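Student: Sequences listed follow chains A and B, in order. Quick note on numbering: the first sequence equals residues 1 to 486 in my numbering. Quick note on numbering: the second sequence equals residues 487 to 972 in my numbering.
Incorrect hints may have been included.
As the list claims (entries may be wrong) - Part of the chain B face toward chain A, derived, beta carbon under 8 Å:
| # | residue |
| --- | --- |
| 1 | Met487 |
| 2 | Glu508 |
| 3 | Lys556 |
| 4 | Pro584 |
| 5 | Lys708 |
| 6 | Arg886 |
| 7 | Leu888 |
| 8 | Gly889 |
| 9 | Cys900 |
| 10 | Thr928 |
| 11 | Pro941 |
| 12 | Thr943 |
| 13 | Val964 |
| 14 | Pro965 |
| 15 | Pro971 |
Since the hints were derived computationally from the structure, they do not count as laboratory data. A quick note: this is a predicted structure, and the numbers were derived from the prediction, not measured. Glycine residues also receive a C-beta, built at the ideal position from the N, C-alpha and C atoms.
There are 2 protein chains.
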Amino acid sequence: MIPETTHEELDTVLTRAAEAAEPFGALAPADRARLLNAVADALDAAAAELVPLAIAESNLSEGRLTGELKRTTFQLRMFAEVLDEGRYLEATIDRADPDFALGPKPDLRRVQLPIGPVLVFAASNFPFAFSVAGGDTASALAAGCPVVLKAHPGHPELSVRTGEVIVEALRAAGAPEGAFAVVLGVETGTRALTDERVKAASFTGSVPGGRALFDIAAQRPKPIPFFGELGSLNPVFVTPAALEERGAELAQGYVTSFSGNAGQLCTKPGVLLLPAGHGLDEELAAATRNVGPHRLLNERLHGGYCDRRAAVTSVPGVRVLAEGSAPGDAAEGATPTLLETSAETLLAHRDELLEEVFGPLSVVVTYGSEEELLEVAAALEGNLTATVQHAEDETTDLARLLGVLRERAGRVLCNGWPTGVSPSPAMQHGGPYPSTTDARFTSVGTAAIDRFLRPVTFQNTPQELLPRPLRDDNPWGVPQAVHGPR
Amino acid sequence: MIPETTHEELDTVLTRAAEAAEPFGALAPADRARLLNAVADALDAAAAELVPLAIAESNLSEGRLTGELKRTTFQLRMFAEVLDEGRYLEATIDRADPDFALGPKPDLRRVQLPIGPVLVFAASNFPFAFSVAGGDTASALAAGCPVVLKAHPGHPELSVRTGEVIVEALRAAGAPEGAFAVVLGVETGTRALTDERVKAASFTGSVPGGRALFDIAAQRPKPIPFFGELGSLNPVFVTPAALEERGAELAQGYVTSFSGNAGQLCTKPGVLLLPAGHGLDEELAAATRNVGPHRLLNERLHGGYCDRRAAVTSVPGVRVLAEGSAPGDAAEGATPTLLETSAETLLAHRDELLEEVFGPLSVVVTYGSEEELLEVAAALEGNLTATVQHAEDETTDLARLLGVLRERAGRVLCNGWPTGVSPSPAMQHGGPYPSTTDARFTSVGTAAIDRFLRPVTFQNTPQELLPRPLRDDNPWGVPQAVHGPR
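All chains should be modelled from the sequences, with the hints used to inform the complete structure.
Tutor: Below, the structure is given as structure tokens:
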């Protein structure tokens, strides 16, 4: 049993983080890149120790966790490249202009600076990639912000050990003390969130948990940015033409996507819209029954899943395609459940049916007309993703459908499945509420670094006092956007 | 007397704004640029009508208001250029990569889309540039967001008339109905802020007013971004070397900066840090007494100013350098008041002395040592600006001082005055709380458009269904950042 962080310990962690902010933020990007690469190397080297810990605490498979650790160190190295590239600094120079239209303009130079110590609430469902060494940590460290990592109670041993690997790697590579620390305990997290030394926070988890923390952040005497990734339904819309072209393939692909990792992915498709009379019931049921039992991440989630499954199943007009299991003993694991209903029922029971079920359950929804399809699309809350399965030759007005979906999602997919989120420059993992609390930002991909930066302008400042990215001699060789007369 | 907007009228305005969001946002940037230029032209053409209205309702001078209208139309045309340039779309393309390190990667394309209808709360102190046709309106319209403008009660007639000019110009230029509307009434504003059709809001005004609205925005069932510019002290630090080099010039420059427009600027310097024994008392007092009376914007502000002036003046250890006036009859106008105290007193009475006084009052603060100077810097709340007046040859550790100030301000100035904010690419008008509610964004300069945009990624989407900025043939000719294999 790993003890929770005491108030005194938390105070020490926050003091060290606040003290580290200046020296850590002042490092040259290449030096912070070196630190990120050192952390990635150390985690890769510790894989044989960390993966078994993760298996024991998450019930996820070795293959999945080995891949996830690889993704985690990939992300750290990706942010090292972001630092080497330097565009994230958005260095902008407006040279003085005595002839400016509104009167003489001074020399103005704007750059992104680290926002300060960041509190990261780790997720349960990705013990590596959205946890201690995950994308939030990587992007915050890359930005130059010390990180206080509040471990998820689902995998405490892994969290502590991963934290030790990170701290040791940072120390060996010469990082300032206090740039990273792991803390434990629910109350520790909320206490830290109200502390003035914390300047931003991020979170991945449930809607109620995330909203409670968002409210705390917003109600501080000095509010701070809070990036919460909460719940998402991730609907998939199949057109009649796509059904005709590849119905069986879609049935199998959908079941694979919603049931993988026991449905415990933030982009798991929660509903599949199919034309009425689709004729795929048997294929969908068979594919679902074909999936073996999978233990959920922990007993609390198992219990929550069983409750939500019972509630959704009991909505009048919802029928069972594949019953699956949700046994009283979490250790037995759950097999996936597939339900079916009509668009009419979905629209009549939005509170139950348009809300995420975290776990291996999904709902097939039949629609009678294109208008009904659009009505369902328009009824959606904010989502991380929305997917359209279409054919080459379409009668469905895809432009109209995509126009509705892009207002309700951060990522719109065609002919793919929403699970699988590539960490790359064009990725957006963040959509309208409740999928995230701030749809202007992403938690996956290179743009995730933008969450932890704040612009500052320097006016008429002597060269030697300017931050290096703003100097004329550009010692770090970063991209500079230069405006005004030369 | 102009009546307040009724609930029914507001509902109609919001419905029209929501309906306009899609067609207005879908316009090509060049077409929205044309609309912005048409609005600018119409406002310039209406100057002879609008400026006298502004004088009558704001007590500001004709010269100031004529210049402010020029600034306002400059800003509209500046955002037209931002649209023509297209970089604000941040079009990013990751080509599909079958050999991606984490497994085959789909085609991903990310672009900034308008966030939806924006509610703008106009300011009192800039009847043009931060009001109906101000920077918030210009940047939101540029982003493709319909604007619902809540008029400031200080200048209702000007607001309504400016709104008519804008609506007429937009209509004549072919904009969708509902892209812009003016509403009136305090309760109208808060009602609109809770309406689900409003997707973001901006505000310029007082700390209590702005915080109350921020709280409403954050507590909505679906929170929305709220960009509030609240209060700022805008401290100026004079080094001993600068005092020695140009003390008299600094005294005059400071008085001009803090007393201009009756001190009713968000960047008015509220405190001037001078070395103890500076010997400028007489010059400062004489320059202050030299400034004639100026009516404040309205009676409410006049009353608030008189109260704050009395409170600050009565702090033990504060003495009067130039008493100025704050007459019972607001029509008489106020002459500027200059006070003096020590850094010790300032630090002992932070609540009174480190909080903005809106109006023609400022405080000279003497410091005994460089350590004390840094202590004052470190005690500052968040500010829009912080200024250092230094000399060529310095003994003061300017790097250390600027390091402290940049953590507490959005703009750091050397050897200038904070009043006067150039609308340009490198401007940052937004600092840590309470100067703004979100220091990651600016309300002045081209980057102000970023507040009203939200990224969406399109995955494996056919060319004809992609937003134009993401298409391979790039019909709008916008900058595209392309990654991955060609």
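Student: Could you run down the list of hints and mark each one as holding or not?
Tutor: Hints versus structure:
no.: 1; hint: Met487; verdict: 35 Å, violated
no.: 2; hint: Glu508; verdict: 7 Å, holds
no.: 3; hint: Lys556; verdict: 7 Å, holds
no.: 4; hint: Pro584; verdict: 12 Å, violated
no.: 5; hint: Lys708; verdict: 4 Å, holds
no.: 6; hint: Arg886; verdict: 10 Å, violated
no.: 7; hint: Leu888; verdict: 6 Å, holds
no.: 8; hint: Gly889; verdict: 7 Å, holds
no.: 9; hint: Cys900; verdict: 5 Å, holds
no.: 10; hint: Thr928; verdict: 7 Å, holds
no.: 11; hint: Pro941; verdict: 5 Å, holds
no.: 12; hint: Thr943; verdict: 4 Å, holds
no.: 13; hint: Val964; verdict: 15 Å, violated
no.: 14; hint: Pro965; verdict: 11 Å, violated
no.: 15; hint: Pro971; verdict: 12 Å, violated
This entry does not satisfy hints 1, 4, 6, 13, 14, 15, going by the numbered hints stated previously.
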